[in-house]
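Colleague: Read top to bottom, the protein sequences are chains A and B.
Mapping of the first sequence onto my numbering: position 142 corresponds to residue 142, and the numbering continues sequentially without gaps.
With the second sequence counted from 1, adding 1000 to any position gets you my numbering.
Just so you know, these hints were derived from the structure itself, not from any lab.
Heads up, the beta-carbon is just placed ideally off N, CA and C, and yes, glycines get one too.
Where hints are given, some of them may not hold.
Rough simulated footprint, nothing fancy, chain B against chain A, three-plus residues with beta-carbon under 8 Å [stated by the list, open to error]:
| id | region |
| --- | --- |
| 1 | 299-310 |
| 2 | 431-437 |
| 3 | 873-885 |
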Amino acid sequence: MKHACCWCILIMATNVGLVAANDREALASNAYRVLNRACMECHGPARQDGGLRLDSQAAIKAGGDSGDAIDFDAVEKSEILRRIALPKGHDEVMPKRGDVLSSADQKLLREWIAAGAPWLEGEKDRKHWSYIAPRKATRDDESVNAIDYFVAKRLATDGMSLSPVANPHVLARRLYLDTIGLPPTPAEADAFAASASKDTQGAVEELVDRVLDLPQYGEKWATPWLDAARYADSHGFQRDDLHELWAYRDWVIQSLNADMPFDQFTIEQLAGDLLPQPTQSQLIATGFNRCAPCNVEAGTDPDENRYNQVVDRVNTLGYVWLGTTLECAQCHDHKYDPFTMRDYYGLFAFFNQTELEADRANPKVPGSIKFIGPYLNLNSDEDETKINQLNSRIEELKNELKTRPKSSDDTFTTVNTDKLPENRRILKPLEFVSSEGASHETLEDSSILLAGDPPETDTYTVTFAIEPTGIVGLLLETLTDPSLPGMGPGRGDAKRPNFVLNSFEAFCDSSDAGTQSAEPGVSLALTDARADFSQKSFDVANAIDQDPRSAWAISPQFGQPHWAAFRFEDTEQLLGTKSLTIRLTQNLGGARTIGRFRVSALYGSYAKSLPGKSTESPEVIDIKKQIAALEKQRSAISIPKTLVMREKSEPRATTMFMRGDFRAVGDTVAPSTPASLHPMRDGDSPNRLTLAKWLVSPENPLVGRVVVNRIWGEVFGNGLVSTPEDFGLKGELPSHPELLDALAVGFVEQGWSQKKLLRAILTSRTYRQSSKVTRDAYAVDPMNRLLARGPRFRLAAEGVRDNALAIAGSLYIKQFGPPIKPPQPDGLWTKVGGEKYDYSVSPGTESLRRGVYVVLKRMSPYPSFINFDATPRLACRVKRNRSNTPLQALNLLNDPVYVDAAKRFVSRVKMDRKGESLTSQLEYAFRLAVARKPSAKELDSLFNLFQEELRAHDSTLPSAAEEAAWFAVTSTLLNLDETITKE
Amino acid sequence: MDRRAFFQNSGLGLGAAALGTLLNESTGAMAFCKGGASGLHHAASAKSIVYLHMIGAPSQLDLFDPKPELVRRDNEVCPPSLLEGRRFAFIGGELRLSGSTQKFKQHGQSGHSISNLMPNLAKVADELCLVHSLHTEEINHAPAQLFLHTGFGRGGRPSIGSWVTYGLGSENSDLPAYVVLQSGPAGGAGASMMSSGFLPSVHQGVSFRSSGDSVLYLSNPEGHSNGSRRRVLDAVRSLNEAHLEDVGDPEIATRINQYELAYRMQSSVPELMDLGGESSDTMELYGAKPGKSSFANNCLLARRLVERGVRFVELYDSDWDHHNNLDDRLASKCKDIDQSTTALILDLKQRGLLESTLVVWGSEFGRTPLAQGVDGNGNKTSGGRDHHKDAFTVWLAGGGIRGGHSYGRTDEFGFGITEDPVHVHDLNATVLHLLGIDHERLTYKYQGREFRLTDVSGKVHKAWFA
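Work out the full structure, taking the sequences as your base and the hints as a guide.
Modeller: Written out as structure tokens, the structure is:
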């Protein structure tokens, strides 16, 4: 049988009426809501397309250019009803743009017209539901919890009721997955089933109380929050360098585990740095807003990048705390919701007070943009003490050095040109060309400093004016600079700032013939190469041999200047020339190129003109050695750090930016909260801390609803408001408004405890329902908005992997720390700009840690997670898609991660059920995967697969055949829809 | 057997209403997968598209938009009046005009001016509609690549390829609808250029790679035969079917289908990637070599994909960012693509596919009429050009395009547009139109807003149509 004909997947939309419209008033109000939302942009006060206006009863009755909109005599013939019933894409369908009206909304309008299109005066001015503070509705029966009460009440209006309780093993698995994101062992599921057979409620409560305290809870629940926080381990954009922010991710996990009240959770993340005497943990929390992507691509305008980051912070705040699409107001007043452009920039002003996070190292060189945002060092106290000790010892030794007489000949390191000996003259560059177009700057001391993204290889061509009389050779100084990685002198990376100079060539100008040559002049023969230091096998003489692969390099003497000198073989060639060109070829790759250098001409005696060997006393040499050793010790202590928010010392004035363009400066705006919401407290200074407190003020009508809705959505697959990011006019109405409000009020009353909220949900009868769906129930409510059955949907990307590793028994539950790298296909981390990284799989069990620890490089994210709908976290996201694709199938079937899991799964079964019958082993394997017992038919399928696979391998060794048969079984189990689904 | 029949026979027997919901409110705007020929909103003139994106931005002034005045005044200091209101990524200080050193000639009946760097393409000049007046909003690579693909300069939104497949679905049940082929390293915007953004991830671009698995995770695990894998798939299927019967969730039926499609891809993709069956004439025409990773091979693969009904094929070719050594580097890049791009047009044509296939050649922006020869410090560097967002050239061919047409004009130096400006949103709107999509009506509701590829603007340029 051939199945499927396309790549489409199915997401079902509701077609049940969410509003039980019983009376005329409710009908009028609901109809107004639909018209307002769907029609009035084009048929309202602002414009009247087709001459039709729908914002008053008289206007509706007047109809439009093409006649009556409503036919009261023959309701079904009403033009409005005809238009809204047309299919999406039809030329005449209304609304013209966007989705067609849901069947519920269509039904509502039909009923409304049939009832004579009743109209409520004043409806227009009534506040949208979400801006009115939630209240707890009274319940007839206080003995039933709010969830079950309101769900049952709503079902009853459609003559429906709750489904039976799920099979206890299935329920146990659901509970484990919803709390810690990992499946129960068969023994754990059995224990629950046994106690549930006596008292289901008690068994659920006992289980929930126990597992909510497990440290794995925070790891499971961190993921949706990290999506909202757009947490990642790299900057994003072209220069997608890794940054250190994992301490923030760990902070989220720890805070969730500690059940930090949501108001405090908010305040610390938005403004921990502004709290009085903030703790290290409170500073780490501010990493929330340092998660905003940062564009460090060469040529980027630092101000534009900063503007975009602030915009990102405001938009994120809107989605996460207000359930509001604030970003619409970046360029104009919000079209539907009560937020003006001024409101937008009022919020913008709160976030506008931080330092640039990317800036040009040299303001004149656009390519020199660098990531500079504030980091917080996270030394342990012990490390701190050790580093302090080392620092003070190094300082002492350096001071001691200062008291010693300076060696006479180490001037080559200084920029002070006064002290140069007579026989050495620094050459001032007239022209510099990098073959790769690298940016550079000529410093005052005539040295050339390279900037920007270092190219892999580079060839420098520099021209100087010279005085040829008496010249004997050239001196090349390779210098350090604070802007170079590890001080330089190489450009590659901070650990090994080496350079590899393949050739050093000199040319004098040739005004006569031969100008067609590709060479920059007449080549000058060089000889007698010397250097202060040459790396083993990279002698300085290599730079002037004819072998393009041999080279001069300076490892391991990084972070200090070096020199090389070359003598002209025939100085007569130079007579009469005025300019000299040198060419430095560096083609090893890996940016092993020189970061800063200077050239001098040598006169008189070649040997005497050289900087010479050190004339330092043995004592000085010894001190220097000591310093080097101590510095090495210091750098061996790894200093973890994390990105944090830090306020500028000087306040920055905020303006509006017209059309959202960072260059189009408008009126000045003070930090302020939107006028349509509750006011800020008088007297508080208008900073982020005040803003954070304002967000979690009990007066805020939105925050409680928005937060409980997201948590509800994680459990049931859909929020009570199915648009968790939008509680405004364009968002969906709550399916159970009274329940949403009861939960929101309760959440605040219960001290903003996320665990208590989750406990209330998980211990409800509603949650406990079986997720089986009958044909009839499905037809009525495909999206399960009315909750007549339990939740059933695929695990999130991280959950799919965690679950498989847990089933296989290979999950390593170590917590926290720098990100890990599981195996992924080669060649995905290609470099465009910025640092080059090798993707090296984390060693041993490290690669088997939970998904929340997997490195997220925004421009090349872990492909297996992307396949399962994780995002690269380039922007705040409060709800993931849930798709169903062939790439997911290939991923689970063939990714070495899952192949390895299937193999370990085999070992686990054979070890745990050693010596038992095949049937018993197969049953155990099945139960590890999905917790419940297999049906006879299911067991048969596995048994048959096993036997067939054995037969197919009958020519191999029996043990190998058995291994293959088992692998087929565990692969099958890991690929079942049920295994990757919470049901 | 199609999905409708599958549901009817799946033992689930969903009612007609539910079935209607499943089909109509699936994740595509198209009711279902078949279609496209007639377009989503109006008749389509192209069924498929091959989008050739030159990562880094080729110089339009050295290829398609000759500027004699610029050549005449080469190396003169640029009058400040010409620079007013313009933004550049790198150059500053005293800026000098930079004339092209390439030789331009008029070609074909159309008289398109094409430089000597594209001798082959010049032979098909009459197939091309040259648009000289494209402009964009972003001046750095990653944001501009995102802007071109998603209509927005930062991440998170769907690519044009995703929008198109969301709108039109696929014509091939064994291959993804949006395929990306790459020569050279990835673009600065990386995977986000082919991201489905907030659209369901089934619409993401699938990269067919020339080394390793051509699609990630396509091959069976080492040492596992097709027979073994088929037995596993059969077992997965029978267990999934049993479970579908038990719990009734149609999502399981979809999962079963996707596993079957995955299995078919394991043969359809290698078959596609294998150029062994192509005649030596064809291989020569493209300059393709079996097993090689090259733009030429990718052009040939693009034709094979289009032949198989793949909706959106995108080719990235990198290293067009010529801030220096422009003459040498541009010549060498043109050598990489000139023959094979031309071959693609000729080959599509001889197979009767060109009329239903839209070919677009372009980049995230263009390059300045100014030399990037003097950097911010007044130091001279070798000759190149900086990023230019205000006027650059893109060309289209095939699928409903008026070959030989030239659209839009730039000023005598190529700084700005003097006639018929085309914003990136306009280009995207026009491309969608040719595929039978009204860009204002292909929307997706996300975070409270009806998003579309062209944001709140976009104008269809009908003058380009045949």
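Colleague: Quick check: the region 873-885 of chain A, covered by chain B? Criterion 3+ residues, Cβ under 8 Å.
Modeller: holds (count 7)
Colleague: Taking 8 Å as the C-beta cutoff, is the stated coverage of the region 299-310 of chain A by chain B satisfied by three or more residues?
Modeller: It holds: at least three residues are needed, and the region 299-310 of chain A offers 4 whose Cβ sits within less than 8 Å of chain B.
Colleague: Take the region 431-437 of chain A, compare each residue's beta carbon with every beta carbon of chain B, and decide whether three or more fall closer than 8 Å.
Modeller: Since 7 is at least three, the answer is holds.
Every hint, counting from the list given before, is met by this structure.
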